[in-house]
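Throw the hints in and build the complete structure from the sequences for me.
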Amino acid sequence: MSLFWRIFLLNAAVLAVALALLMLGPVTVSTPVLLTEALILTGGLSAMLVANAVLLRIGLAPLERLSRTMGTIDLLRPGHRLAVTGHAGIAALIRAFNTMLDRLEAERATSSARALSAQEAERRRIAQELHDEIGQTLTAVLLELKRVADQAPPAVRDQLHQVQETTRNSLDEIRRIARRLRPGVLDELGLASALRALAGEFATAGLTVRPSVDNDLPELGREAELVLYRVAQEALTNAARHADASHVVLTLRRRPGGVELCIRDDGRGLGDAVEGAGIRGMRERALLIGAELTVGPAGGRGSEVRLRVPSSQEPVADG
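With our numbering applied, the sequence shown corresponds to residues 29 to 347, in that order.
Please note: incorrect hints may appear among the correct ones.
As the list claims (entries may be wrong) - In silico EDC-like cross-links for lysine to aspartate or glutamate, where the CA-CA straight-line distance does not exceed 20 angstroms:
no.: 1; residue 1: LYS174; residue 2: GLU157
no.: 2; residue 1: LYS174; residue 2: GLU148
no.: 3; residue 1: LYS174; residue 2: ASP200
What the hints assert, rightly or not - Simulated DEER-style distance windows between Cβ atoms:
no.: 4; residue 1: ALA40; residue 2: THR138; range: 45 to 51 angstroms
no.: 5; residue 1: VAL184; residue 2: GLY228; range: 34 to 40 angstroms
no.: 6; residue 1: HIS270; residue 2: GLN190; range: 31 to 37 angstroms
no.: 7; residue 1: MET98; residue 2: PRO338; range: 27 to 33 angstroms
no.: 8; residue 1: ARG281; residue 2: ILE35; range: 52 to 58 angstroms
no.: 9; residue 1: ARG175; residue 2: THR138; range: 54 to 60 angstroms
no.: 10; residue 1: ALA48; residue 2: THR322; range: 55 to 61 angstroms
Hints in this document: simulated from the structure, not taken from any laboratory.
The beta-carbon is built from N, C-alpha and C at its ideal position, and this holds for glycine as well.
Printed below as a string of C-alpha coordinates:
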(Lines of atoms letter the chains of each structure in order from A and count residues from 1; the text may use other names and numbers.)
(Lines give C-alpha, C1' and ligand atoms only; values in the text may rest on other atoms or scores of the structure.)
Protein backbone atom coordinates (compact mmCIF):
# COMPACT_ATOMS: atom_id res chain seq x y z
CA MET A 1 0.00 0.00 0.00
CA SER A 2 1.40 3.41 -0.97
CA LEU A 3 2.13 6.13 1.59
CA PHE A 4 -0.79 8.24 0.27
CA TRP A 5 -3.35 5.51 0.88
CA ARG A 6 -1.91 4.68 4.30
CA ILE A 7 -2.30 8.29 5.46
CA PHE A 8 -5.72 8.57 3.84
CA LEU A 9 -7.00 5.42 5.51
CA LEU A 10 -5.58 6.45 8.89
CA ASN A 11 -7.45 9.74 8.73
CA ALA A 12 -10.58 8.01 7.42
CA ALA A 13 -10.52 5.55 10.32
CA VAL A 14 -10.25 8.35 12.89
CA LEU A 15 -13.14 10.25 11.27
CA ALA A 16 -15.27 7.08 11.00
CA VAL A 17 -14.81 6.33 14.70
CA ALA A 18 -15.74 9.90 15.57
CA LEU A 19 -18.83 9.74 13.38
CA ALA A 20 -19.93 6.42 14.89
CA LEU A 21 -19.57 7.80 18.41
CA LEU A 22 -21.59 10.86 17.45
CA MET A 23 -24.37 8.82 15.82
CA LEU A 24 -24.62 6.05 18.40
CA GLY A 25 -23.76 7.98 21.52
CA PRO A 26 -26.13 9.97 23.72
CA VAL A 27 -24.58 13.27 22.71
CA THR A 28 -26.85 15.76 20.90
CA VAL A 29 -26.32 19.29 19.70
CA SER A 30 -28.83 22.01 20.52
CA THR A 31 -29.44 25.35 18.89
CA PRO A 32 -27.87 27.38 20.29
CA VAL A 33 -25.10 25.07 21.49
CA LEU A 34 -25.01 24.52 25.22
CA LEU A 35 -21.81 24.88 27.21
CA THR A 36 -21.68 21.18 28.10
CA GLU A 37 -22.19 20.19 24.47
CA ALA A 38 -19.42 22.53 23.36
CA LEU A 39 -17.09 20.99 25.93
CA ILE A 40 -17.95 17.46 24.76
CA LEU A 41 -17.40 18.38 21.08
CA THR A 42 -14.11 20.12 21.88
CA GLY A 43 -12.96 17.07 23.82
CA GLY A 44 -13.91 14.80 20.94
CA LEU A 45 -12.04 16.99 18.45
CA SER A 46 -8.96 16.98 20.71
CA ALA A 47 -9.13 13.19 20.98
CA MET A 48 -9.36 12.91 17.18
CA LEU A 49 -6.34 15.17 16.69
CA VAL A 50 -4.28 13.31 19.29
CA ALA A 51 -5.15 9.93 17.79
CA ASN A 52 -4.36 11.17 14.30
CA ALA A 53 -1.02 12.63 15.43
CA VAL A 54 0.01 9.42 17.21
CA LEU A 55 -0.87 7.24 14.24
CA LEU A 56 0.96 9.52 11.79
CA ARG A 57 3.99 9.70 14.08
CA ILE A 58 4.20 5.91 14.16
CA GLY A 59 3.64 5.57 10.43
CA LEU A 60 6.17 8.25 9.42
CA ALA A 61 8.90 7.41 11.96
CA PRO A 62 11.00 5.50 9.37
CA LEU A 63 10.92 8.57 7.11
CA GLU A 64 12.26 10.74 9.93
CA ARG A 65 15.13 8.31 10.49
CA LEU A 66 15.83 8.36 6.76
CA SER A 67 15.83 12.16 6.72
CA ARG A 68 18.29 12.35 9.63
CA THR A 69 20.59 9.85 7.99
CA MET A 70 20.51 11.67 4.67
CA GLY A 71 21.57 14.87 6.44
CA THR A 72 24.53 13.30 8.26
CA ILE A 73 25.82 10.62 5.88
CA ASP A 74 29.52 10.92 4.97
CA LEU A 75 30.92 8.86 2.10
CA LEU A 76 34.37 9.03 3.72
CA ARG A 77 32.95 6.94 6.56
CA PRO A 78 31.25 4.16 4.60
CA GLY A 79 29.23 1.18 5.73
CA HIS A 80 26.37 2.94 7.53
CA ARG A 81 23.02 1.57 6.35
CA LEU A 82 19.46 1.98 7.58
CA ALA A 83 17.48 -1.02 8.78
CA VAL A 84 14.61 -1.70 6.39
CA THR A 85 11.47 -1.14 8.46
CA GLY A 86 7.97 0.14 7.82
CA HIS A 87 5.43 -0.92 5.25
CA ALA A 88 5.46 -1.14 1.46
CA GLY A 89 6.36 2.34 0.18
CA ILE A 90 8.54 3.36 3.15
CA ALA A 91 10.47 0.07 3.15
CA ALA A 92 11.00 0.39 -0.61
CA LEU A 93 12.29 3.94 -0.13
CA ILE A 94 14.80 2.84 2.53
CA ARG A 95 15.99 -0.03 0.31
CA ALA A 96 16.44 2.40 -2.58
CA PHE A 97 18.42 4.74 -0.33
CA ASN A 98 20.73 1.91 0.82
CA THR A 99 21.23 0.84 -2.80
CA MET A 100 22.06 4.42 -3.75
CA LEU A 101 24.68 4.56 -0.97
CA ASP A 102 26.24 1.33 -2.24
CA ARG A 103 26.50 2.79 -5.73
CA LEU A 104 27.83 6.17 -4.54
CA GLU A 105 30.49 4.57 -2.33
CA ALA A 106 31.62 2.30 -5.16
CA GLU A 107 31.75 5.19 -7.64
CA ARG A 108 33.61 7.41 -5.17
CA ALA A 109 36.15 4.68 -4.48
CA THR A 110 36.76 4.22 -8.21
CA SER A 111 37.04 7.94 -8.94
CA SER A 112 39.25 8.52 -5.90
CA ALA A 113 41.57 5.71 -6.98
CA ARG A 114 41.91 7.25 -10.42
CA ALA A 115 42.43 10.75 -9.03
CA LEU A 116 45.06 9.66 -6.52
CA SER A 117 46.81 7.54 -9.12
CA ALA A 118 46.92 10.55 -11.45
CA GLN A 119 48.16 12.68 -8.56
CA GLU A 120 51.01 10.29 -7.83
CA ALA A 121 51.94 10.22 -11.53
CA GLU A 122 51.97 14.02 -11.60
CA ARG A 123 54.12 14.09 -8.46
CA ARG A 124 56.61 11.75 -10.13
CA ARG A 125 56.67 13.89 -13.27
CA ILE A 126 57.27 17.12 -11.34
CA ALA A 127 59.93 15.49 -9.17
CA GLN A 128 61.68 14.18 -12.27
CA GLU A 129 61.64 17.61 -13.90
CA LEU A 130 62.92 19.27 -10.74
CA HIS A 131 65.76 16.78 -10.55
CA ASP A 132 66.65 16.62 -14.24
CA GLU A 133 65.96 20.17 -15.43
CA ILE A 134 66.26 22.64 -12.56
CA GLY A 135 68.69 20.51 -10.58
CA GLN A 136 71.09 20.13 -13.48
CA THR A 137 70.77 23.82 -14.36
CA LEU A 138 71.66 24.88 -10.82
CA THR A 139 74.56 22.42 -10.79
CA ALA A 140 75.88 24.01 -13.98
CA VAL A 141 75.48 27.46 -12.40
CA LEU A 142 77.48 26.31 -9.37
CA LEU A 143 80.31 25.06 -11.57
CA GLU A 144 80.34 28.29 -13.55
CA LEU A 145 80.37 30.36 -10.38
CA LYS A 146 83.30 28.34 -9.09
CA ARG A 147 85.19 28.92 -12.33
CA VAL A 148 84.50 32.65 -12.25
CA ALA A 149 85.35 32.89 -8.54
CA ASP A 150 88.72 31.23 -9.11
CA GLN A 151 89.60 33.91 -11.69
CA ALA A 152 88.02 36.90 -9.93
CA PRO A 153 89.92 39.42 -7.82
CA PRO A 154 89.77 38.93 -4.04
CA ALA A 155 87.23 41.72 -3.51
CA VAL A 156 84.70 40.03 -5.80
CA ARG A 157 85.60 36.47 -4.84
CA ASP A 158 83.96 36.66 -1.41
CA GLN A 159 80.69 37.88 -2.97
CA LEU A 160 80.77 35.09 -5.51
CA HIS A 161 81.28 32.56 -2.72
CA GLN A 162 78.15 33.90 -1.02
CA VAL A 163 76.22 33.49 -4.27
CA GLN A 164 77.58 29.96 -4.53
CA GLU A 165 76.34 29.15 -1.04
CA THR A 166 72.89 30.56 -1.79
CA THR A 167 72.70 28.56 -5.01
CA ARG A 168 73.83 25.40 -3.22
CA ASN A 169 71.14 25.87 -0.57
CA SER A 170 68.53 26.33 -3.30
CA LEU A 171 69.71 23.15 -4.98
CA ASP A 172 69.44 21.23 -1.69
CA GLU A 173 65.92 22.60 -1.17
CA ILE A 174 64.84 21.53 -4.66
CA ARG A 175 66.23 18.04 -4.07
CA ARG A 176 64.37 17.87 -0.75
CA ILE A 177 61.09 18.89 -2.44
CA ALA A 178 61.70 16.31 -5.17
CA ARG A 179 62.24 13.59 -2.56
CA ARG A 180 58.97 14.51 -0.84
CA LEU A 181 57.10 14.48 -4.13
CA ARG A 182 58.55 11.13 -5.14
CA PRO A 183 59.72 9.02 -2.20
CA GLY A 184 62.37 7.02 -4.03
CA VAL A 185 63.65 5.67 -0.71
CA LEU A 186 60.31 3.87 -0.35
CA ASP A 187 61.02 1.76 -3.44
CA GLU A 188 64.72 1.42 -2.79
CA LEU A 189 64.97 0.74 0.97
CA GLY A 190 61.42 -0.10 2.07
CA LEU A 191 58.76 1.42 4.28
CA ALA A 192 60.67 1.39 7.57
CA SER A 193 63.66 3.27 6.16
CA ALA A 194 61.38 5.68 4.29
CA LEU A 195 59.53 6.60 7.50
CA ARG A 196 62.78 7.12 9.39
CA ALA A 197 64.07 9.34 6.58
CA LEU A 198 60.79 11.27 6.59
CA ALA A 199 61.09 11.84 10.33
CA GLY A 200 64.62 13.12 9.80
CA GLU A 201 63.45 15.64 7.17
CA PHE A 202 60.92 17.17 9.55
CA ALA A 203 63.42 17.13 12.41
CA THR A 204 65.64 19.49 10.44
CA ALA A 205 62.78 22.02 10.37
CA GLY A 206 62.83 22.44 14.16
CA LEU A 207 60.34 19.70 14.99
CA THR A 208 61.59 16.83 17.16
CA VAL A 209 60.31 13.60 15.62
CA ARG A 210 60.97 10.28 17.39
CA PRO A 211 60.36 7.35 15.02
CA SER A 212 59.80 3.81 16.27
CA VAL A 213 59.26 1.15 13.60
CA ASP A 214 59.00 -2.61 14.11
CA ASN A 215 61.47 -4.65 12.10
CA ASP A 216 59.18 -7.67 11.62
CA LEU A 217 56.45 -5.96 9.59
CA PRO A 218 54.18 -8.25 7.55
CA GLU A 219 54.18 -8.23 3.77
CA LEU A 220 52.32 -5.16 2.53
CA GLY A 221 51.40 -4.26 -1.01
CA ARG A 222 52.98 -1.32 -2.80
CA GLU A 223 49.77 0.69 -2.57
CA ALA A 224 49.45 0.05 1.16
CA GLU A 225 53.04 1.18 1.77
CA LEU A 226 52.47 4.32 -0.28
CA VAL A 227 49.30 5.13 1.68
CA LEU A 228 51.13 4.64 4.98
CA TYR A 229 53.91 6.93 3.82
CA ARG A 230 51.55 9.64 2.54
CA VAL A 231 49.43 9.58 5.70
CA ALA A 232 52.55 9.92 7.85
CA GLN A 233 53.78 12.74 5.62
CA GLU A 234 50.48 14.63 5.85
CA ALA A 235 50.23 14.13 9.63
CA LEU A 236 53.77 15.43 10.17
CA THR A 237 53.06 18.38 7.87
CA ASN A 238 49.97 19.27 9.91
CA ALA A 239 51.92 18.98 13.16
CA ALA A 240 54.67 21.25 11.84
CA ARG A 241 52.49 23.89 10.16
CA HIS A 242 49.22 24.06 12.07
CA ALA A 243 49.52 22.39 15.48
CA ASP A 244 52.40 24.46 16.95
CA ALA A 245 53.90 21.17 18.09
CA SER A 246 57.48 20.71 19.26
CA HIS A 247 57.60 16.91 19.71
CA VAL A 248 56.06 14.15 17.61
CA VAL A 249 56.14 10.40 18.15
CA LEU A 250 55.79 8.27 15.01
CA THR A 251 55.26 4.54 15.53
CA LEU A 252 54.56 1.70 13.13
CA ARG A 253 53.66 -1.53 14.88
CA ARG A 254 52.78 -5.01 13.75
CA ARG A 255 49.24 -5.95 14.76
CA PRO A 256 47.19 -9.14 14.32
CA GLY A 257 46.20 -9.15 10.65
CA GLY A 258 48.13 -6.05 9.68
CA VAL A 259 49.98 -2.98 10.92
CA GLU A 260 49.11 0.20 12.79
CA LEU A 261 50.63 3.60 12.15
CA CYS A 262 50.32 6.23 14.89
CA ILE A 263 51.49 9.85 14.79
CA ARG A 264 51.03 11.72 18.09
CA ASP A 265 52.06 15.35 18.69
CA ASP A 266 52.06 17.72 21.66
CA GLY A 267 50.48 20.65 19.79
CA ARG A 268 47.30 22.58 20.47
CA GLY A 269 45.02 19.77 19.28
CA LEU A 270 42.10 19.79 16.88
CA GLY A 271 39.49 21.52 19.05
CA ASP A 272 36.25 22.16 17.21
CA ALA A 273 37.95 22.81 13.89
CA VAL A 274 36.33 21.34 10.78
CA GLU A 275 38.34 18.66 9.01
CA GLY A 276 40.38 20.23 6.25
CA ALA A 277 41.47 18.95 2.87
CA GLY A 278 44.52 17.24 4.37
CA ILE A 279 42.57 15.00 6.74
CA ARG A 280 39.91 14.25 4.13
CA GLY A 281 42.69 13.31 1.74
CA MET A 282 44.04 10.88 4.33
CA ARG A 283 40.57 9.35 4.69
CA GLU A 284 40.27 8.90 0.94
CA ARG A 285 43.64 7.15 0.78
CA ALA A 286 42.71 4.90 3.69
CA LEU A 287 39.47 3.87 1.96
CA LEU A 288 41.38 2.80 -1.14
CA ILE A 289 43.15 0.00 0.73
CA GLY A 290 40.38 -0.89 3.18
CA ALA A 291 42.20 0.73 6.11
CA GLU A 292 40.66 2.42 9.15
CA LEU A 293 41.72 5.99 9.96
CA THR A 294 40.93 7.79 13.22
CA VAL A 295 41.88 11.38 13.99
CA GLY A 296 41.32 12.81 17.45
CA PRO A 297 42.85 14.11 20.67
CA ALA A 298 45.97 12.42 21.99
CA GLY A 299 44.57 11.77 25.45
CA GLY A 300 46.16 14.84 26.95
CA ARG A 301 47.59 17.68 24.94
CA GLY A 302 47.89 17.46 21.18
CA SER A 303 46.33 15.25 18.53
CA GLU A 304 46.71 11.73 17.25
CA VAL A 305 46.39 10.14 13.81
CA ARG A 306 45.99 6.38 13.82
CA LEU A 307 45.85 4.22 10.67
CA ARG A 308 45.13 0.48 10.83
CA VAL A 309 46.02 -1.36 7.63
CA PRO A 310 45.25 -5.03 6.93
CA SER A 311 48.22 -6.96 5.62
CA SER A 312 46.58 -8.37 2.48
CA GLN A 313 45.80 -5.67 -0.06
CA GLU A 314 44.36 -5.64 -3.54
CA PRO A 315 46.14 -3.30 -5.97
CA VAL A 316 44.42 0.01 -6.59
CA ALA A 317 43.30 0.62 -10.14
CA ASP A 318 45.43 3.26 -11.85
CA GLY A 319 42.69 4.29 -14.22
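We went through each hint and held it up to the structure:
{"no.": "1", "hint": "LYS174 <-> GLU157", "result": "25 angstroms, violated"}
{"no.": "2", "hint": "LYS174 <-> GLU148", "result": "37 angstroms, violated"}
{"no.": "3", "hint": "LYS174 <-> ASP200", "result": "17 angstroms, holds"}
{"no.": "4", "hint": "ALA40 <-> THR138: 45 to 51 angstroms", "result": "49 angstroms, holds"}
{"no.": "5", "hint": "VAL184 <-> GLY228: 34 to 40 angstroms", "result": "38 angstroms, holds"}
{"no.": "6", "hint": "HIS270 <-> GLN190: 31 to 37 angstroms", "result": "34 angstroms, holds"}
{"no.": "7", "hint": "MET98 <-> PRO338: 27 to 33 angstroms", "result": "30 angstroms, holds"}
{"no.": "8", "hint": "ARG281 <-> ILE35: 52 to 58 angstroms", "result": "57 angstroms, holds"}
{"no.": "9", "hint": "ARG175 <-> THR138: 54 to 60 angstroms", "result": "55 angstroms, holds"}
{"no.": "10", "hint": "ALA48 <-> THR322: 55 to 61 angstroms", "result": "60 angstroms, holds"}
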